[in-house]
Amino acid sequence: MPRRLRTCAALIAGVLAASAAGAATLSIDASAPTPAPLKAALRLGSAVAPNGDTLGANARYLTRNGAPWLPVMGEFHYSRTPASQWEAELRKMKAAGIDIVASYVMWNHHEEVEGKFDWSGNRDLRRFIQLAAKAGLDVVVRVGPWAHAEVRYGGIPDWVVNAMPSRSNDPQYMMLVERLYGQIGQQLKGQLWKDGGRVIGIQLENEYNIDGPGKGAAHIAALKKLAQKAGMDVPYYTVTGWDGTIYPTGEVTPVFGGYPDEPWGVSTKELPPKETYAFRFDTRVSGDLGAQTAAHAPGTAETDKEVTPFLGAEYGAGLPFMYRRRTVVSADDIASMLPVQLGSGVNLMGYYMFHGGRNPLGLGGTGLEESTLSGGYNDTTMISYDFQAPLGPDGQQRKVLEKLRPFHLFLHDFGSRLAPMTVRKPDVSPAKPDDLATARFAVRSEGDRGFLFVNNHVRQYPMAAQKATQFAVKLQGQSITLPSKPVDIADGAYFIWPLNLDLDGTNLHYATAQPLTLLDQGKAGVVAVFAASANVPVELSFDANAKITAAGAQIATAGGKTLVTGVQPGAGAAVTVQRDGKRPLTIVVLTAEQSQQLSVVQLAGQRRLLLSADQAYVDGNALQMRSVGDSKFRFAVYPALTTTPKATTTAAAWSAAAPRSAAAVPSNAGANAAGDAPAATVAVRAAGSDGIFQAFEASLPASEVKASITQTRTAQQAAAIVIGGTAKAAIQPLPENFKAAAAWQINVPREQLKGLDDALLQIDFVGDIGRLYSGTRLLDDWYYSGYQWQIGLRQQAALLDQPLTVSVLPLRADAPIYLPKEARPNFGNEQQLATVRGVTVIPVYQLRITP
62 MPRRLRTCAA
72 LIAGVLAASA
82 AGAATLSIDA
92 SAPTPAPLKA
102 ALRLGSAVAP
112 NGDTLGANAR
122 YLTRNGAPWL
132 PVMGEFHYSR
142 TPASQWEAEL
152 RKMKAAGIDI
162 VASYVMWNHH
172 EEVEGKFDWS
182 GNRDLRRFIQ
192 LAAKAGLDVV
202 VRVGPWAHAE
212 VRYGGIPDWV
222 VNAMPSRSND
232 PQYMMLVERL
242 YGQIGQQLKG
252 QLWKDGGRVI
262 GIQLENEYNI
272 DGPGKGAAHI
282 AALKKLAQKA
292 GMDVPYYTVT
302 GWDGTIYPTG
312 EVTPVFGGYP
322 DEPWGVSTKE
332 LPPKETYAFR
342 FDTRVSGDLG
352 AQTAAHAPGT
362 AETDKEVTPF
372 LGAEYGAGLP
382 FMYRRRTVVS
392 ADDIASMLPV
402 QLGSGVNLMG
412 YYMFHGGRNP
422 LGLGGTGLEE
432 STLSGGYNDT
442 TMISYDFQAP
452 LGPDGQQRKV
462 LEKLRPFHLF
472 LHDFGSRLAP
482 MTVRKPDVSP
492 AKPDDLATAR
502 FAVRSEGDRG
512 FLFVNNHVRQ
522 YPMAAQKATQ
532 FAVKLQGQSI
542 TLPSKPVDIA
552 DGAYFIWPLN
562 LDLDGTNLHY
572 ATAQPLTLLD
582 QGKAGVVAVF
592 AASANVPVEL
602 SFDANAKITA
612 AGAQIATAGG
622 KTLVTGVQPG
632 AGAAVTVQRD
642 GKRPLTIVVL
652 TAEQSQQLSV
662 VQLAGQRRLL
672 LSADQAYVDG
682 NALQMRSVGD
692 SKFRFAVYPA
702 LTTTPKATTT
712 AAAWSAAAPR
722 SAAAVPSNAG
732 ANAAGDAPAA
742 TVAVRAAGSD
752 GIFQAFEASL
762 PASEVKASIT
772 QTRTAQQAAA
782 IVIGGTAKAA
792 IQPLPENFKA
802 AAAWQINVPR
812 EQLKGLDDAL
822 LQIDFVGDIG
832 RLYSGTRLLD
842 DWYYSGYQWQ
852 IGLRQQAALL
862 DQPLTVSVLP
872 LRADAPIYLP
882 KEARPNFGNE
892 QQLATVRGVT
902 VIPVYQLRIT
912 P
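When you read off a place in the sequence shown, starting at 1, and then add 61, the result is the number in our numbering.
Keep in mind the hints are simulated off the structure, nothing from the lab.
Hints should not be assumed to be uniformly reliable.
[What the hints assert, rightly or not] Under the rule of at most 30 Å between Cα atoms (straight-line distance), these lysine-lysine pairs were calculated in the DSSO-like manner:
#  : residue 1 : residue 2
1  : K535      : K486
2  : K250      : K195
3  : K366      : K286
4  : K460      : K693
5  : K493      : K882
6  : K195      : K290
7  : K255      : K366
8  : K195      : K155
9  : K100      : K366
10 : K255      : K286
11 : K493      : K366
[What the hints assert, rightly or not] Computed spacing ranges between beta-carbons, pair by pair:
#  : residue 1 : residue 2 : range
12 : G113      : S181      : 34 to 42 Å
13 : D256      : L839      : 38 to 46 Å
14 : Q772      : G197      : 47 to 55 Å
15 : V109      : S764      : 48 to 56 Å
16 : P274      : R885      : 47 to 55 Å
17 : K177      : E812      : 40 to 48 Å
18 : T703      : D825      : 44 to 52 Å
19 : P877      : P232      : 41 to 49 Å
Where a beta carbon is used, it is the ideal one built from N, C-alpha and C, also for glycine.
Please take these sequences and the hints and turn them into a complete structure.
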C-alpha cells in the first residue's frame, strides 16, 4: 500500500487549530548539565568474579562490568514454598523479567528449638540459591536476624525473645546471632559472587530505626562484621531505608519501598490518595511502610541521599490481607507505580512480594505468623501468605504480572541508558498527593537524551483527564514538543516515552509509545518493539533524512524532522527505516494487550519474541507453557522457527503416596506431584501469522473436574470483635471463638485430576475467616475480602482420599474492619453471615514445546 504524505502546511494548520481550541502545554526544563556521578561512599565486599566479571556502584547507579546496571528484583520466600516447585517458580520469575531473587532467612523457620537447625527440604537455602543460579538469577539474601515478613516476632525464635533483649548489641543476643550467621555462611559457601556463584548481596536487619546504647548505627556495624566473619563477603550490603532508619554511613546501602495502601493501618475506611502515585523530587522515603518501631528524626538514608544510589527493595507488587484491614489492589494500582518510581530516580526496581507462599506450621502445629496473641502489631493468616502477588502461591500467573512485564522488558534493554540519567522536575507539579487535577509527570535525562514518565492513575480516586495536552521538554541544545497535536491523557493512563532514543545508530526524536525491547538479528537488522499508550495516537519522529516506509501511516517532513503519524498498533511491521550502508531498522508497535502478552526468550539457539496469553517460561532448550482452565494453547514467535515444534505433556499420576522430595524430582519432570505417566506427544499446528509473528496452536484433552460440597455444621453466634492489641484496633478472634464456624465437606475425586499439571480448588465464601482442613490438619486459611481464594491440589494429592473440610467463621455486621466497597456484603436483616456460595476446581494444563 503506497504511503500517504501530509504536507507541512497541513501539519502546521492542525497544530495551530488545536492550540486555538485551548491546548495545555506541560513544560519541564531538563537542560541543566548532568553532573558526573559521585563516587559512592560505600565499602563494598569482594566484587570480582573468577571469570573477571565485576559489580560496583557509584552515588547514582549500580554497575556490572563497568557499565550502568538497572536490574529488577523480586522477593520469593523459599521456606514458604514446597521445594519441589522451586525450580519451575524461579524460571517463571526469570521469564517475568526478574534479574535478582531476594529472600528472607527467617530464623524461627530454621532454629525453632535452640541449637537444632533445620536446612533440609523446604528450608534448604543452599539448594534454593543453586536453582536460582541455574535459572539465571542473581540472589540477595536477607539474613535478619529480625525480618518482619509478617512472621512471629519478626522471625526471632520464641526462646530468644523470652530470654534476652534483641535487636541490639546485647552480648548474649549477639552470640546467638553469630551462630545463626555462621549457619547461613555455610549455606552460602561457594555460592558467592567472588566464588563464581550468584549471591551478590546481603541485607542486614530490617526496618531498623532504633537508637540508643548498643543500638542504631553501632548495631548495624556489628551485624556486618559478624556477617563478614561468617564468610558472607559480597559486593553489596543493604538495609531498608524508610521510617528514619539508622545505619553507619558507608558500610551499607539503604534500599527503599512503597505500597499502594496500608493494610497495617487502623482505619476502617478508604485512605486518602497515597504519595506512592506522586513523583518524588526531594525525598526517597515513601510514607508509612509499616515499621513496628517509631522513628523520632530523619534517618541516615535521608542525609546520605547525595552519596548513595536510589535503590528499591519493597515496592509492593501486591499487598497482604491483615485482619483489621483487607485491601484489594488491581493490576493497574500496582503497575502505575513503576513510571512514578523510575521517574523519581529509582535505579533498582525491587518488589515485595513477587511470589506468594504459605507459612509452615511450627512444632505441634502451632502458627509462626505475626499475631496480636504473640504481641505482634498485626493479625495475619496462619498459613496463607498470598500477598496478591504476580505469581500466586501455586505458581499461577496473575494479571498484575502481565501489566508489570512490559516495564521489565524496557528496563532489561534500556535500563543501562536510564540509570545515569537524573530526575528533572516540571514547572508545575502537584503540591500534595491529594491534588488530583495537576498533571503528574517527570523527565530523567542526560544531555540531549531522556525519558518522559507520566502517571494519571491513583488508586480508588478518579484523576482529572489531561485534556488537549502536549509536553514541552527543554533538553541540552534543543527543545522537544510532543505529540505534534495535543492529545487527551485519560484517567488511569500511565506510560514512558523516549526522547532522542538511539536505535542502532538512528535517532528517534520522540515516540508516543513506550519502548519495550530491541531484537538484534545480525545482518538481518534490528527490530525495536514499542507498546501503544492508553489510547494516545502513535507518533514517531525521526531526523529529516530518515528513509521511512510505513504502510497505512502518514509521513511528513517539517522543521528538520520526519514525522510518522497514523501508525496502527498491531503485531505487523509498522515502520521500516532504510539506512545507507547499514542494516535495516524495523519498528513494531504492539497494542497494549499484545504488550502484556510479550516475553523475550532464548529459544532454538537465539533470542526471540514470544506472544502468548498463556504462562510461559524456558526450561533448558524447551518452552514450558501453562494454561489455567483452558486446554487450548496458542503462541507466536519471531523470528520464525525453521521447523514445526513438538509438544509433550507429562501427566501426573496423583498417587496416594506423599509428594516426592525435592531431591528426587528430575529437572525435566514438569513439576508433577507424584509418579509420572509416560510423556505423550501432542500435535502442534501452524496457525498462520500474527503480523510478523509465526503462530502455532496445540490442544490437550479437556478435563472436567467437579467437586461436591455438603454442609456439615451450621454457624453459631459469633463473639463480638475485640478492640485491643498494640494497634488498639480490631483483633482476630481467639481460637476458642472458632467454635461458631459453619463447616462444609468438599469431595474432589482424585481420578478426575489425572493428566493435569495441577488443579486449583477455588472457594467462594462470605464470612470472616475461612479455613481448609484435611481431617484436623490445616491446609490453608483466608480472610474474606472479595479476592478469590485458591489452593493448588497438586501438593495435597495424598490428602484427597478423604474429604476436605472448609470452615467459615461468621462475619458480623458490626465488624470494625475495613473491606473494599465492592466486597461489603448485604446483611439485610441478618446480624452475621457465613456461607459458601460455591466451590469449583479449575484444571491447570502444561505443555512442553521443543523447537
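Structure-based check of each hint:
no.: 1; hint: K535 <-> K486; verdict: 12 Å, holds
no.: 2; hint: K250 <-> K195; verdict: 17 Å, holds
no.: 3; hint: K366 <-> K286; verdict: 24 Å, holds
no.: 4; hint: K460 <-> K693; verdict: 19 Å, holds
no.: 5; hint: K493 <-> K882; verdict: 25 Å, holds
no.: 6; hint: K195 <-> K290; verdict: 28 Å, holds
no.: 7; hint: K255 <-> K366; verdict: 28 Å, holds
no.: 8; hint: K195 <-> K155; verdict: 11 Å, holds
no.: 9; hint: K100 <-> K366; verdict: 13 Å, holds
no.: 10; hint: K255 <-> K286; verdict: 18 Å, holds
no.: 11; hint: K493 <-> K366; verdict: 22 Å, holds
no.: 12; hint: G113 <-> S181: 34 to 42 Å; verdict: 36 Å, holds
no.: 13; hint: D256 <-> L839: 38 to 46 Å; verdict: 41 Å, holds
no.: 14; hint: Q772 <-> G197: 47 to 55 Å; verdict: 49 Å, holds
no.: 15; hint: V109 <-> S764: 48 to 56 Å; verdict: 52 Å, holds
no.: 16; hint: P274 <-> R885: 47 to 55 Å; verdict: 49 Å, holds
no.: 17; hint: K177 <-> E812: 40 to 48 Å; verdict: 41 Å, holds
no.: 18; hint: T703 <-> D825: 44 to 52 Å; verdict: 47 Å, holds
no.: 19; hint: P877 <-> P232: 41 to 49 Å; verdict: 44 Å, holds
Going through the hint list in order, the structure satisfies each hint without exception.
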